[in-house]
Amino acid sequence: MNCRRFQNRLYEYVEGTLSPRTQAAADQHLARCNACRQAMHQEQQLARVLCEGLRHDTGTLALRPGIRQRILTVLEHTSAPPTAGEIIAGLWKRYARPVVIAVFLLLIVAFLRIQYLSGTRVPETGILRSDGRDIRSAVSIEVSYCVPTYRFHQEGNFVVDTLSCVTMVANETLWTGAQEPVKTKQERKMPL
Amino acid sequence: MDEEQLIAALKAQAPGAVPELVSLYGDRLLRSAYSLCGNEADAQDIVQETLLQAIRSVHRFQGRSTVYTWLHAILLNLTRHYHRDRKRIVYDNELVGREVSLPDENPSQLDAGAASSALWKALGRLSVSHREVIILRYYENMKIHEIARQLGISKGTVKSRLHYAIGEMQKLLPGELNLFGACGTEEM
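From first to last, the protein sequence lines stand for chains A and B. Heads up, the first sequence is in the numbering used here, so the first residue is 1 and it goes up one at a time. Heads up, the second sequence is in the numbering used here, so the first residue is 1 and it goes up one at a time.
The shape of chain A in the complex, shown without the other chains (with noise of 0.2 Å):
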């Protein structure tokens, strides 16, 4: 056994508590280690003076003669099982602190979840139009085309045949969601 050991087990050393053989390592030691004896000495002096020291003053205290009599006192009237109204009491008493801490902890975590995690958050607040669209929703799609047609008529011995061109022209918004497209159909006539 070396210092360091010793000293580690110098308060068992000194109350007696090591086991045979760490005991008997450390009389070794101790025959032999002129510092260790002196830190053991130490400590037994130490154990004196603050056993001495602190008893001096509390010897004389004892306990109020009264204080019996009010133990029995106490005890018979709190020996009639609570009731239950009592019990409730107490254990609210106990455990309303951290039950309403538990209850808030829980609702915050339901918020974050319902919030953040589902991905359901709440809406921005669109640009509305007057009709109550979100105008940012909305693609306005115009979409035109010619519809070209033959007319054949007689003037006197010719066959004349006018080709005219029906433009026809539609408009169409496309908006997110489920919400019905309002649909325009235009129609001009241009004669080639």
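Source of the hints: derived by calculation from the structure; they are not laboratory data. Wrong hints could be hidden among the right ones.
[What the hints assert, rightly or not] The calculated label-pair distances, taken between Cβ atoms and stated as ranges, are:
{"id": "1", "chain 1": "A", "residue 1": "Leu107", "chain 2": "B", "residue 2": "Ala12", "range": "47 to 57 Å"}
{"id": "2", "chain 1": "B", "residue 1": "Asp2", "chain 2": "A", "residue 2": "Val103", "range": "44 to 54 Å"}
{"id": "3", "chain 1": "A", "residue 1": "Ile108", "chain 2": "B", "residue 2": "Ala12", "range": "13 to 23 Å"}
{"id": "4", "chain 1": "A", "residue 1": "Gln45", "chain 2": "B", "residue 2": "Ser127", "range": "16 to 26 Å"}
[Claimed, not checked] Over 10 Å on every C-beta distance to chain A, these chain B residues come out as not near it, computed from the model:
{"id": "5", "residue": "Lys11"}
{"id": "6", "residue": "Val47"}
{"id": "7", "residue": "Leu162"}
{"id": "8", "residue": "Tyr164"}
All values derive from a computational prediction rather than experimental measurement. We treat Cβ as the ideally placed atom computed from N, Cα and C, and that holds for glycine.
Keeping the supplied structure of chain A fixed, place chain B upon it in accordance with the hints.
For chain B alone, kept in the frame of chain A given last:
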């Protein structure tokens, strides 16, 4: 009446059990409570509450420790509540207010009363955790493993707290009162 008979009598609510418990352990508990809280009136109340709690919960005592150790564990718990409620410790004026008189003719030796007052004064300035280990070790004469079990900490923590508490006490004591006698300081 030995400890087993006393516990059996308390469990059976025998008429003489409570007075027997009080007379056997009351004074000893009071001295320990006083050393932990530093006020006699509060110590009396703490001991009364300790005994009441012990009597009410005697059915939970399984005999794995001595009755005094069990009572002292309850006392220690109540003392911690006491410190938590008060936030700071005001030691009894009778002890703290007393000036430590140092005899001029032989400054290396303090008389027992002055030394005791100085020790109590220094003890009152320690933190609760340091004061607990000092009291349990040197006032209650508990062994290291008993202190560890009583406080719910490891033996290494007990030794560490003792080391720092003793060093702190030595700084707070007058130079004439050396805790380590003529051997020197606590440094080894």
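Fill in: Violating hint indices (sorted, rising)
3, 6 and 7
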